[in-house]
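Chemist: Okay, here's what each chain looks like letter by letter:
2 protein chains.
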Amino acid sequence: MSEIKVPVGISNRHLHLSISDLAALFGKDHQLKPTKDLSQPGQFACEETVTLIGAKGVIPKVRILGPVRSASQVEISKTDSFVLGINPPVRDSGSISGTPGITIEGPAGRIELKEGVIIAQRHLHLHSDEAAQFGLKDQELITVKFEGARETTFGRVLVRVNPNYKLDLHVYTDEANAAGLANGDVGIVVKL
Amino acid sequence: MSEIKVPVGISNRHLHLSISDLAALFGKDHQLKPTKDLSQPGQFACEETVTLIGAKGVIPKVRILGPVRSASQVEISKTDSFVLGINPPVRDSGSISGTPGITIEGPAGRIELKEGVIIAQRHLHLHSDEAAQFGLKDQELITVKFEGARETTFGRVLVRVNPNYKLDLHVYTDEANAAGLANGDVGIVVKL
Chain C
4 MSEIKVPVGI SNRHLHLSIS DLAALFGKDH QLKPTKDLSQ PGQFACEETV
54 TLIGAKGVIP KVRILGPVRS ASQVEISKTD SFVLGINPPV RDSGSISGTP
104 GITIEGPAGR IELKEGVIIA QRHLHLHSDE AAQFGLKDQE LITVKFEGAR
154 ETTFGRVLVR VNPNYKLDLH VYTDEANAAG LANGDVGIVV KL
Chain F
4 MSEIKVPVGI SNRHLHLSIS DLAALFGKDH QLKPTKDLSQ PGQFACEETV
54 TLIGAKGVIP KVRILGPVRS ASQVEISKTD SFVLGINPPV RDSGSISGTP
104 GITIEGPAGR IELKEGVIIA QRHLHLHSDE AAQFGLKDQE LITVKFEGAR
154 ETTFGRVLVR VNPNYKLDLH VYTDEANAAG LANGDVGIVV KL
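Those protein sequences? They're chains C and F, same order as listed. Using the working numbering, the first residue of the first sequence is number 4, and each one after it goes up by one. Using the working numbering, the first residue of the second sequence is number 4, and each one after it goes up by one.
Worth flagging that the hints you see were computed from the coordinates, not collected in a lab. Please note that the accuracy of each hint is not assured.
Pairs involving identical chains hold if they fit within one copy or between any two copies, as the list cannot separate such chains.
[Stated by the list, open to error] Computed list of lysine to any residue pairs in SDA-like fashion (alpha-carbon distance at most 25 Å, straight line):
1) Lys39 x Phe85
2) Lys39 x Lys64
3) Lys59 x Asn186
4) Lys148 x His126
5) Lys117 x Asp95
6) Lys140 x Ala152
7) Lys148 x Pro10
8) Lys36 x Pro110
9) Lys117 x Gly104
10) Lys39 x Lys169
11) Lys194 x Ile7
12) Lys39 x Val86
13) Lys148 x Pro92
14) Lys59 x Gly183
15) Lys140 x Gly151
16) Lys64 x Pro37
17) Lys148 x Val93
18) Lys59 x Gly12
19) Lys194 x Thr146
20) Lys59 x Ala185
21) Lys39 x Asn186
22) Lys148 x Arg159
23) Lys148 x Phe85
24) Lys194 x Gln142
25) Lys148 x Asn90
26) Lys39 x Arg66
Throw the hints in and build the complete structure from the sequences for me.
Modeler: Below is the structure:
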């Protein structure tokens, strides 16, 4: 089999909101204003931002990603977690049961999220056809190596296969900065 | 050969000062006030802090490490470099030729450092006896793996051998946060 090469997309802290939380933060019937399409089809960055308020500190201007979801979810880096004074687990997106909550402030009000703060597990988005071509399965854990002056190999990268997905390895700013990565840099799937 | 296990020590941004820069920032004949011994014998954290001033932003309360050195050197993370708006290379400590400068502010004045800002290359300090025991050579590049939920393998770790050193793998906050590491966590030297 030939080498599997994957481009990296670097995630900064962001959040997804439920319709009711969106209304509480931005007002009744507020509609998200998309400003930029994201790598995964149908996902977009919004004009709207909020302030995250933790026990130890505050992070302003945190971007909302749309569209709205069934449950709100706040995705931060480990570095952010120290600033806020919160200790979220590393989880797959959507898997928020038992995770810490946080206070969120928007222009129309504050909400106390009961749970939903995670550090998103590194993951590889890929289309079903690409998965078949590469021999990778949904939910499989793989290892991806990046060469360079700060050569780094990331283990336990979760494979997420969907006919709506496009090939993109999502890591956080912490991971990108540790490895000296910029958006679009290419890693190689390695078998260890 | 048995497995080589190495404990990690996490470096936050810090700086080393020359005698003349120390005087310019803190006043003539100022003596550094040690507050904590570091893992490497003779090195210590100081009570004194300064403000780093970059083109894009400012980072206050940056710790000085002693003792004084022949040339000032500012060691920051990649995350810090974005805050400051500066693009330092990844270098071994002491190797500052051609690196960017920065403005530093202390209680007695400001200095314009002409060069000396680096992102320190990951490195393993070890005593000459340990190096002999492990079969590692000074300036060798090795690879160190950390297990766990955020399994990460760091390549191009510079081996630094000295009869005054003590076994300690130095990485930055970026790298520690990417891998979910705390001080004292143990990695394994792997041959790739």
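Chemist: Next step is simple, just say for each hint if it's right about the structure.
Modeler: The hints, checked one at a time:
no.: 1; hint: Lys39 x Phe85; in the structure: between (29 Å within a copy, 22 Å between copies)
no.: 2; hint: Lys39 x Lys64; in the structure: within (16 Å within a copy, 36 Å between copies)
no.: 3; hint: Lys59 x Asn186; in the structure: between (31 Å within a copy, 21 Å between copies)
no.: 4; hint: Lys148 x His126; in the structure: both (13 Å within a copy, 19 Å between copies)
no.: 5; hint: Lys117 x Asp95; in the structure: within (18 Å within a copy, 46 Å between copies)
no.: 6; hint: Lys140 x Ala152; in the structure: between (31 Å within a copy, 20 Å between copies)
no.: 7; hint: Lys148 x Pro10; in the structure: both (11 Å within a copy, 23 Å between copies)
no.: 8; hint: Lys36 x Pro110; in the structure: within (15 Å within a copy, 46 Å between copies)
no.: 9; hint: Lys117 x Gly104; in the structure: within (4 Å within a copy, 46 Å between copies)
no.: 10; hint: Lys39 x Lys169; in the structure: within (16 Å within a copy, 50 Å between copies)
no.: 11; hint: Lys194 x Ile7; in the structure: both (11 Å within a copy, 22 Å between copies)
no.: 12; hint: Lys39 x Val86; in the structure: between (27 Å within a copy, 23 Å between copies)
no.: 13; hint: Lys148 x Pro92; in the structure: both (24 Å within a copy, 21 Å between copies)
no.: 14; hint: Lys59 x Gly183; in the structure: between (29 Å within a copy, 20 Å between copies)
no.: 15; hint: Lys140 x Gly151; in the structure: between (28 Å within a copy, 22 Å between copies)
no.: 16; hint: Lys64 x Pro37; in the structure: within (16 Å within a copy, 38 Å between copies)
no.: 17; hint: Lys148 x Val93; in the structure: both (20 Å within a copy, 19 Å between copies)
no.: 18; hint: Lys59 x Gly12; in the structure: between (29 Å within a copy, 24 Å between copies)
no.: 19; hint: Lys194 x Thr146; in the structure: both (7 Å within a copy, 16 Å between copies)
no.: 20; hint: Lys59 x Ala185; in the structure: between (30 Å within a copy, 19 Å between copies)
no.: 21; hint: Lys39 x Asn186; in the structure: within (15 Å within a copy, 39 Å between copies)
no.: 22; hint: Lys148 x Arg159; in the structure: both (12 Å within a copy, 13 Å between copies)
no.: 23; hint: Lys148 x Phe85; in the structure: between (27 Å within a copy, 24 Å between copies)
no.: 24; hint: Lys194 x Gln142; in the structure: within (16 Å within a copy, 28 Å between copies)
no.: 25; hint: Lys148 x Asn90; in the structure: between (27 Å within a copy, 24 Å between copies)
no.: 26; hint: Lys39 x Arg66; in the structure: within (12 Å within a copy, 39 Å between copies)
Hint violations for this structure: none, all hints satisfied.
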